[in-house]
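Undergrad: Chains as they are written, first to last, in our numbering: chain F, 1 to 268; chain A, 1 to 525.
Check each hint, because a few of them may be wrong.
What the hints assert, rightly or not - Far from chain A, some chain F residues (derived; all Cβ distances over 12 Å): (1) D5; (2) L14; (3) V40; (4) G43; (5) N55; (6) S126; (7) K157; (8) K162; (9) L165; (10) Q167; (11) A194; (12) G236; (13) H241; (14) T248; (15) W256.
Stated by the list, open to error - Short derived list, chain A residues pointing at chain F, Cβ under 8 Å: (16) S281; (17) P284; (18) F326.
Keep in mind that the hints were calculated from the coordinates and are not lab data.
Beta carbons are placed, not taken as given, at the ideal position from N, Cα and C, and that holds for glycine.
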Amino acid sequence: MPTGDGDLDRFERLVRERSPFTFVRFSDGEIEILRNRKLVIAGGVTEFRGKRFSNQFPEFDQKRFDPRRGQDVRGDLLASAIFWESGYFKGVPTRHNNALGDREFMLRLNGGFTPQMTFSDLFLNSNFLRSRASFFPFLVSSFEDLLVVGNWRCELKGYLSKGRLIQIPDDFFSAYQQTLDSVQAVLQNAPKSALILSSASSLSNVLGHRLRISRPDLTFLDIGTVLNDLMGLPLGTRAYHKLIDPRTLRERFAAWRYRLHREYQLQW
Amino acid sequence: MAAAELTLVLSGHLRRPQSADLRPFWRGFIELQKKLPAGKPVRQIVAHSWNPELAPLAHAVYAPQAERHEHQACFYPEFMRQIEPPDRFEQGLDRLTSTWKNVSIQSVLGNARSRARAVELMNELPSPQGQVLITRWDLGQTGGAQVNQLVADATLPEDYLYLSYFSEVDEGYADMWVLAPWADARRFGRFDAFVLDSLAGRNRYLELFSGGGWPRARVKTRFEAWWSHPVGQRIHALTSKFVQGAQNRARGDALPQRVVCRLIGPVQRFLSQPPVTAENSCVPGFEAQSPVFPAFQALNIHALLKFFILSEGLRDRVRFLTHEDFDLSAQSGQLINSTQVVLLVHEADDAAIARLLAESPLPLAAIYQMDAGNVRQYVSDRQGGWGVTALRAAGSAPRDFMACALDAELRREAGALPVLVMPTVERYLGCADWFYMNALAKYLAWSRTGYVGLVGPRAGKPHLDFPGLQLVRGGGAFSLRMAAGTAEGLRAFLDVADPDLNEVSDRADRMLLEFPVVVRDGGLF
Chain F
1 MPTGDGDLDR FERLVRERSP FTFVRFSDGE IEILRNRKLV IAGGVTEFRG KRFSNQFPEF
61 DQKRFDPRRG QDVRGDLLAS AIFWESGYFK GVPTRHNNAL GDREFMLRLN GGFTPQMTFS
121 DLFLNSNFLR SRASFFPFLV SSFEDLLVVG NWRCELKGYL SKGRLIQIPD DFFSAYQQTL
181 DSVQAVLQNA PKSALILSSA SSLSNVLGHR LRISRPDLTF LDIGTVLNDL MGLPLGTRAY
241 HKLIDPRTLR ERFAAWRYRL HREYQLQW
Chain A
1 MAAAELTLVL SGHLRRPQSA DLRPFWRGFI ELQKKLPAGK PVRQIVAHSW NPELAPLAHA
61 VYAPQAERHE HQACFYPEFM RQIEPPDRFE QGLDRLTSTW KNVSIQSVLG NARSRARAVE
121 LMNELPSPQG QVLITRWDLG QTGGAQVNQL VADATLPEDY LYLSYFSEVD EGYADMWVLA
181 PWADARRFGR FDAFVLDSLA GRNRYLELFS GGGWPRARVK TRFEAWWSHP VGQRIHALTS
241 KFVQGAQNRA RGDALPQRVV CRLIGPVQRF LSQPPVTAEN SCVPGFEAQS PVFPAFQALN
301 IHALLKFFIL SEGLRDRVRF LTHEDFDLSA QSGQLINSTQ VVLLVHEADD AAIARLLAES
361 PLPLAAIYQM DAGNVRQYVS DRQGGWGVTA LRAAGSAPRD FMACALDAEL RREAGALPVL
421 VMPTVERYLG CADWFYMNAL AKYLAWSRTG YVGLVGPRAG KPHLDFPGLQ LVRGGGAFSL
481 RMAAGTAEGL RAFLDVADPD LNEVSDRADR MLLEFPVVVR DGGLF
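Using the sequences and the accompanying hints, generate a full structural model.
TA: If you want it as structure tokens, here you go:
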């Protein structure tokens with residue numbers, strides 16, 4: 001049974017053994033696209049599973065999928081979800097996300113459970129602080145070459161500053177093929193055995209899949225918003241960001257409450 | 001054939017043995033059209049059936065490029081000396097009460113052989129490539145929705161073998177449909193030989209299924225076994241319906257509604273929990289205790305399909321789908337072998353005819369425009385153009401226009417094509433279900449039914465030859481304003497009709513004459 005700690009340990013072991021691997025994440029947005037349902041996260045409004053509600057996501061988190069026009073993105077995401085290979089790890093929504101139906105759906109697309117299936121929140125929630133404090137510093141220090149795929153606003157800082165940024169535009173869904181082609185062309189020529197950290201929404205899934213086939217020497221991880229501060233992007237857009245260095249009494253209370261939430265602890 | 005096109009392989013019984021009911025065949029045709037992906041046209045069809053007497057029907061409906069229809073031989077001599085002990089599949093089976101009471105070696109082998117022969121017909125196709133849908137004539141008509149609903153998504157990668165997923169997948173794979181790459185589909189050409197080998201003990205099928213432990217399967221808990229029992233399933237369905245109803249009523253922000261939603265939430269989550277299977281889920285240590293099934297249960301086409309796929313080394317490429325996985329309503333549906341129809345329109349100006357020519361989903365062989373004091377005939381030149389001829393009617397009443405149009409049609413095509421009579425073009429283009437309409441047009445052409453009413457006033461007796469048709473007396477069952485049929489059949493009524501076509505309908509109503517009529521919720525047009 002996958003566990004948050006166990007799967008993070010496994011990734012550390014692969015890094016130590018110098019075995020290149022890929023980790024792509026299918027969170028609820030990707031699941032909606034795979035299921036061919038309309039998805040809008042833009043302009044402070046979210047349309048999700050046929051419901052509409054407000055959000056406070058920044059502009060670079062915008063995402064739009066219209067089933068009538070977006071079958072190219074969806075086709076690539078499906079290919080990424082269906083593909084299986086021993087070094088290709090897929091993160092999927094699980095029990096703590098209250099998403100058993102989505103978990104089993106992703107397992108079906110994988111042809112059933114395999115050890116390559118793990119949590120979409122592997123670097124988040126109860127693994128968030130460990131990922132930031134030890135996993136990512138260890139990971140980055142283990143590779144000579146680092147490329148980071150992220151929004152054009154990004155500015156690499158701290159231990160990520162040794163890397164090279166590959167920029168993607170806001171709401172790349174509107175220029176999907178063009179963005180994919182240009183980013184893939186750069187990554188295709190990445191130095192041998194380089195590390196690629198990707199914070200590019202659904203584009204990460206497609207890039208991870210394609211590079212696994214064409215450049216199996218690369219280690220590719222979809223990092224989501226885990227290292228936003230080291231990429232010059234704001235923290236505080238996700239619940240788990242509350243765990244970072246809470247200083248005021250209010251922040252500490254928020255972090256404490258978050259730890260008690262049923263979604264905090266990763267559960268398969 | 002381009003890779004993004006589909007080959008259809010159909011097999012089985014067009015009509016069940018000992019039955020006169022053709023509706024499952026037609027329903028299967030309608031269901032298939034609805035579920036096929038719009039973005040992946042069917043370019044090649046092969047078909048096998050055990051109903052040679054219905055070969056003309058299969059040909060008229062599907063127009064397969066290769067087909068074979070034959071009487072099902074008695075397979076007893078083939079397997080009598082091969083099954084040991086002879087009562088292997090009767091041990092422990094109560095033929096009177098069990099759900100397995102109708103299963104026989106003859107039926108299992110007949111199913112497998114028809115599929116294998118249909119697949120062998122793929123050799124006769126001109127373009128051996130692309131994705132292949134292997135299915136049955138009665139798609140969607142037997143078994144539960146979990147196993148009989150086709151999930152065909154044009155966007156899915158073509159390199160995999162797609163099967164439907166259900167709670168009993170550990171025991172065997174549902175065989176209603178299989179979507180496969182060409183090379184993998186071809187392997188089903190030896191499926192019948194494999195089935196016979198399995199039942200005769202010439203491979204490890206019987207040993208594993210009823211003895212050594214079935215692979216990729218787990219023993220269900222007592223609760224799961226009860227829940228998957230027909231009684232448990234019934235309770236599950238009823239409870240789900242109740243919870244769904246309560247949830248629909250509790251939509252809103254008022255406190256009582258929120259309280260109801262909060263209370264119902266855990267029940268709904270419990271009811272919607274997906275089944276846990278060794279085939280799909282993470283079940284640590286399931287190999288340690290593999291299930292063993294009773295000997296009679298080995299006569300099981302699902303288990304045989306599973307063992308076939310495992311034995312052929314295809315399991316790595318299998319991906320399971322359910323009909324709830326994707327929201328494909330906007331991307332599903334294509335007409336199969338769409339039928340040419342002749343359309344008579346009572347009221348249509350030139351703009352309406354232009355719209356009709358541009359938008360009709362069914363191909364139109366001829367149009368008769370009965371407006372503006374005359375009749376105009378539009379005949380397709382089959383190259384995208386239309387020849388227009390002004391016809392001279394004997395009078396200026398609707399009856400005279402209609403008679404003129406039908407006479408012209410009988411001279412043109414001798415009444416070979418189905419005829420639709422519509423009040424306006426808008427009404428025709430507003431058809432609620434073109435897949436049903438395509439099937440109905442084929443039924444009319446095949447059965448030569450002279451008249452079918454298109455407005456169902458009320459239910460009558462079910463028609464055994466076509467779904468949605470009822471034999472209805474009175475209540476407006478007869479109308480020459482909106483109807484379908486053959487040119488001869490419709491023309492015959494005009495000899496006894498009044499000029500305005502109203503009194504003849506009233507008379508038919510008062511005499512309570514019985515007519516086949518399309519009766520469906522919301523109407524067809």
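Undergrad: Now look at each hint and say whether the structure bears it out.
TA: Hints and how they fare:
1. Consistency note on F/D5: stated as away from chain A, and its beta-carbon is indeed over 12 Å from all of that chain's, at 16 Å minimum.
2. Consistency note on F/L14: stated as away from chain A, and its beta-carbon is indeed over 12 Å from all of that chain's, at 20 Å minimum.
3. The beta carbon of F/V40 is kept farther than 12 Å from every beta carbon of chain A, the shortest such distance being approximately 15 Å.
4. Consistency note on F/G43: stated as away from chain A, and its beta-carbon is indeed over 12 Å from all of that chain's, at 24 Å minimum.
5. Even its closest Cβ contact with chain A, about 19 Å, leaves F/N55 beyond 12 Å, as expected for a residue assigned away from the interface.
6. Against the 12 Å criterion, F/S126 stays outside the reach of chain A, whose nearest CB is about 19 Å from its own CB.
7. Every beta carbon of chain A lies more than 12 Å from that of F/K157, the smallest distance being close to 38 Å; the non-interface claim holds.
8. Here F/K162 stays apart from chain A, with its beta-carbon at least about 37 Å from theirs, past the 12 Å limit.
9. Every CB of chain A lies more than 12 Å from the CB of F/L165, the least distance being 32 Å, so the non-interface label holds.
10. The non-interface label for F/Q167 is consistent with chain A: the shortest C-beta to C-beta separation is roughly 28 Å, beyond 12 Å.
11. No Cβ of chain A approaches the Cβ of F/A194 within 12 Å, the least distance being about 28 Å, so the stated non-interface status holds.
12. Listed as a non-interface residue, F/G236 keeps its Cβ farther than 12 Å from every Cβ of chain A; the least gap is roughly 28 Å.
13. With a cut of 12 Å on Cβ distances, F/H241 stays outside the contact zone with chain A, its closest approach being about 27 Å.
14. A cut-off of 12 Å between C-beta atoms confirms that F/T248 is not in contact with chain A; the least separation is 32 Å.
15. Chain A leaves F/W256 outside its interface by the beta-carbon criterion, the shortest separation being 24 Å against a cut-off of 12 Å.
16. Annotation: A/S281 was flagged as interfacial toward chain F, and the flag holds, the nearest CB pair being 6 Å apart, inside 8 Å.
17. Below 8 Å, beta-carbon pairs count as interface contacts, and A/P284 has one with chain F at about 5 Å; its hint therefore holds.
18. Taken as an interface hint, A/F326 checks out: its beta carbon lies about 5 Å from the nearest beta carbon of chain F, inside 8 Å.
Going down the numbered hints, you'll see the structure goes against none, and every one checks out.
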